[in-house]
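Take the given structure of chain A and dock chain B to it, following the hints.
Protein chains: 2
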Amino acid sequence: MPRLLQEERLNEGVAMTAGQKNDNQGETVLLDGAALELDCGVELAPIELAYRTYGALNDDKSNAILICHALTGDQHPAGDNPLTGKPGWWTQVVGPGGIIDTDKYFVICSNVLGGCGGSTGPQSANPKGDGPYGLNFPVITVADMVRAQNLLIDHLGIESLFCVLGGSMGGMQVLQWAAAHGERVFSAVPIATSARHSSQNIAFHEVGRQAILADPDWHGGDYYAAEAHPRKGLAVARMAAHVTYLSEAALQRKFGRNLQDREAVTYGFDADFQIESYLRHQGMTFVERFDANSYLYITRAMDYFDIAAENGGNLAAAFKDTRTRFCVMSFTSDWLFPTAESINLVRALNAAGADVSFVEIESDKGHDAFLLDEPEMHTTLSGFLTAAAQARGLD
Amino acid sequence: MPRLLQEERLNEGVAMTAGQKNDNQGETVLLDGAALELDCGVELAPIELAYRTYGALNDDKSNAILICHALTGDQHPAGDNPLTGKPGWWTQVVGPGGIIDTDKYFVICSNVLGGCGGSTGPQSANPKGDGPYGLNFPVITVADMVRAQNLLIDHLGIESLFCVLGGSMGGMQVLQWAAAHGERVFSAVPIATSARHSSQNIAFHEVGRQAILADPDWHGGDYYAAEAHPRKGLAVARMAAHVTYLSEAALQRKFGRNLQDREAVTYGFDADFQIESYLRHQGMTFVERFDANSYLYITRAMDYFDIAAENGGNLAAAFKDTRTRFCVMSFTSDWLFPTAESINLVRALNAAGADVSFVEIESDKGHDAFLLDEPEMHTTLSGFLTAAAQARGLD
Chain A
1 MPRLLQEERL
11 NEGVAMTAGQ
21 KNDNQGETVL
31 LDGAALELDC
41 GVELAPIELA
51 YRTYGALNDD
61 KSNAILICHA
71 LTGDQHPAGD
81 NPLTGKPGWW
91 TQVVGPGGII
101 DTDKYFVICS
111 NVLGGCGGST
121 GPQSANPKGD
131 GPYGLNFPVI
141 TVADMVRAQN
151 LLIDHLGIES
161 LFCVLGGSMG
171 GMQVLQWAAA
181 HGERVFSAVP
191 IATSARHSSQ
201 NIAFHEVGRQ
211 AILADPDWHG
221 GDYYAAEAHP
231 RKGLAVARMA
241 AHVTYLSEAA
251 LQRKFGRNLQ
261 DREAVTYGFD
271 ADFQIESYLR
281 HQGMTFVERF
291 DANSYLYITR
301 AMDYFDIAAE
311 NGGNLAAAFK
321 DTRTRFCVMS
331 FTSDWLFPTA
341 ESINLVRALN
351 AAGADVSFVE
361 IESDKGHDAF
371 LLDEPEMHTT
381 LSGFLTAAAQ
391 ARGLD
Chain B
1001 MPRLLQEERL
1011 NEGVAMTAGQ
1021 KNDNQGETVL
1031 LDGAALELDC
1041 GVELAPIELA
1051 YRTYGALNDD
1061 KSNAILICHA
1071 LTGDQHPAGD
1081 NPLTGKPGWW
1091 TQVVGPGGII
1101 DTDKYFVICS
1111 NVLGGCGGST
1121 GPQSANPKGD
1131 GPYGLNFPVI
1141 TVADMVRAQN
1151 LLIDHLGIES
1161 LFCVLGGSMG
1171 GMQVLQWAAA
1181 HGERVFSAVP
1191 IATSARHSSQ
1201 NIAFHEVGRQ
1211 AILADPDWHG
1221 GDYYAAEAHP
1231 RKGLAVARMA
1241 AHVTYLSEAA
1251 LQRKFGRNLQ
1261 DREAVTYGFD
1271 ADFQIESYLR
1281 HQGMTFVERF
1291 DANSYLYITR
1301 AMDYFDIAAE
1311 NGGNLAAAFK
1321 DTRTRFCVMS
1331 FTSDWLFPTA
1341 ESINLVRALN
1351 AAGADVSFVE
1361 IESDKGHDAF
1371 LLDEPEMHTT
1381 LSGFLTAAAQ
1391 ARGLD
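For the protein sequence lines, the chains are A and B, in the order given.
Per this note's numbering, the first sequence starts with residue 1, numbered consecutively.
Per this note's numbering, the second sequence starts with residue 1001, numbered consecutively.
Just so you know, the hints here were simulated from the structure itself, not pulled from any lab data.
Just so you know, not all the hints are guaranteed correct.
Unchecked claim - Which residues of chain B face chain A? A partial, calculated answer using Cβ under 10 Å: (1) Asp-1039; (2) Asn-1201; (3) His-1205; (4) Gly-1208; (5) Ala-1228; (6) Lys-1232; (7) Ala-1235; (8) Ala-1240; (9) Leu-1246; (10) Leu-1251; (11) Lys-1254; (12) Gly-1268; (13) Phe-1269; (14) Met-1302; (15) Asp-1303.
Built from N, CA and C at the ideal position, the CB exists for glycine as well.
Same shape as in the complex, but just chain A (with noise of 0.2 Å):
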């Protein structure tokens, strides 16, 4: 796999000194020395990734961790997004005394390949042409979108993540870290996800993509140039997703049967009740923020995942001789990410030996419940993140 460009350009800002303060409000990388040779068999390059980072590195470059996020996640967990000035996913659980204390960590967030938040993806420009990729973007997997990130912590300089961690489509990525770098992983922390993607999920993501691929504004993929965007079909897409996230019981509690804005159902198909006019609103506000064919790639790199695979099937076999500390979690409610998924996962880590802990959290909040304020996971995370940093002589 290649390693990082000798010409690499930093934006300003960005200076991974030791002992220094290196917040930073988003920055990209331009990795434009090296291609990247992705599981399709395509080598990739340009590559840019934006990444944003909290916190100071410390004199040994041993604090650092490395948050990857979900599907339609960004590089700002914590502080406010400045694209649209509202806090960052994860300010729940990212921040200065927060559970993951950017004040004695150093935080880092890389919006993944293939993504719409600056690093590199369909909206890029393709070198081969005079406009974006498109769809002549390679399809690329959660294995290549850690490739790039493997660039981007030599590019920072550390040798040795003291965590990485991410929830769904994060943990996905937390788990092909231990597997494919896990030397460079002191702790793993994979949370309401899953080893392979399920049908069901594969499923889900299919209707998603089948309502974007509908759209007539989705123009072969090629909409950049006719200035469109698939914005009907991506927010059916977003819809449909959306409702998997929430569990029923989350769903019967905060909008139940309720009306919105009247006293009684109208016989016509306005949004009547309260969940259709909040997933119209989910639907309309993504894709102001979500560009529709990032949307097929990452679904697709979800849909592909499948670590126990590329070891003839045999999930421990992918974490053989792991030192990695790992804690998985899971949420009795989440059935995108069902419990069952994380037990599995679990079993292979201890037939393969590693040091993991497994907590399920009860929670009506389903898949989202790792974004929302989950008590259970804060003390579970901070337990855990407290007893490796002593390991790890960070305290």
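Relative to the frame of chain A, chain B by itself:
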């Protein structure tokens, strides 16, 4: 509520002489002497109902069973469907010598109001216009469907139905029959259903509707004039719904991550996985047999369904003084209409002092289990019908 028609016109071959075999291959009755006052306030006329019968009505007209179909079902539960040439949708249960034995019972099934199997719906001619209703068709409810069926039962000269049964939306109609016309319902078998459509179920329906509305071939509901059909949107709607009809376990067992006619993934957006190919096929075949506007209207009727709401939120009150015998069934892996919904219903029936039995059937087949080979469902239904027939003096 209006009763029947003076000038009713019966199709050939329908003659409800007691004791005579009255199998038909699908007939349509024009209920043109009466207008139906719908829940939305509109008086709908004319009303045609397409229906099919099996077996013979006995001398005292006490052996009639009404089967109510689900969202995308039709009036052909048994025998062959004359349109497709394929077996009806419930041949596992209904037929000569079957669990619902058409040698013993007179079985009736009608296409719901709003449907596209021959009953009046959005694709019917609008008497106030030049062409089909389209979106000028009034929004109907499950109660309206049952009102129309009630007229059909009048028309057939049947005072009291021995049994009304059905699954999913069919089960909603069963409950509506028992609540609104209980005096005509000796026994009732609601299967895999609920007394109200849940927030999650409304959410999935809304996703499907938005997929249809997003399709430019929908033409604001007036695609009939444009000689178009929102095929892509309707296919996406069907795909999304279809995933909800199956359990995660069934999907894993049937498809898992198996590839479709290939040795390895293609790193593209073709249907690499069997589940993708299967879903696309489900979508494509569905649009051949179903009208997109009917899909909008019938899903809306289900969303509006909430028997308790009509009784001040008191579900038991809806069944006050009922003399109907109930057999409620649910399936362990049905996450669309989970057992909790049936338990809620059973509690209310118990509170109303009803004669009710309840069986939760162990199955990994999800919501669709009621349509499939489920021996425990068949045994339960058979036993219930036998006991009810004895109580009715049918043996």
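Here is what the structure says about each hint:
At about 7 Å, the closest approach between the beta carbon of Asp-1039 (chain B) and any beta carbon in chain A falls short of 10 Å, and the interface hint on this residue holds. Restraint check, Asn-1201 (chain B) versus chain A: the minimum CB separation of about 9 Å is within 10 Å; hint holds. The closest approach between the C-beta of His-1205 (chain B) and any C-beta of chain A is roughly 9 Å, which is under the 10 Å cut-off, so the hint is satisfied. A least Cβ separation of about 9 Å between Gly-1208 (chain B) and chain A falls short of the 10 Å threshold, and the interface hint therefore holds.
Checking Ala-1228 (chain B) against chain A by beta carbon gives a least distance of about 13 Å; that is not within 10 Å, so the hint is violated. With its C-beta approaching chain A no nearer than about 4 Å, Lys-1232 (chain B) sits inside the 10 Å limit, and its interface hint holds. Among the interface hints, the one on Ala-1235 (chain B) holds; its C-beta lies about 7 Å from the nearest C-beta in chain A, closer than the 10 Å criterion. The beta carbon of Ala-1240 (chain B) comes within 5 Å of a beta carbon in chain A, closer than 10 Å, and the hint placing it at the interface holds.
Residue-level restraint check for Leu-1246 (chain B) holds (minimum Cβ-Cβ distance to chain A is 8 Å; threshold 10 Å). Satisfaction of the interface hint for Leu-1251 (chain B) is found here, the shortest Cβ-Cβ separation to chain A being roughly 4 Å, below the 10 Å cut-off. For Lys-1254 (chain B), the interface hint holds, since its Cβ comes within 10 Å of a Cβ in chain A; the closest pair sits about 8 Å apart. This hint holds: Gly-1268 (chain B) has a C-beta 6 Å from the nearest C-beta of chain A, less than the 10 Å allowed.
Hint status for Phe-1269 (chain B) relative to chain A: holds, with the closest Cβ pair at about 6 Å, below 10 Å. The interface hint given for Met-1302 (chain B) is violated, since its Cβ lies 12 Å from the closest Cβ of chain A, which is over the 10 Å cut-off. Because the smallest distance between the Cβ of Asp-1303 (chain B) and any Cβ of chain A comes to about 7 Å, under 10 Å, the interface hint for this residue holds.
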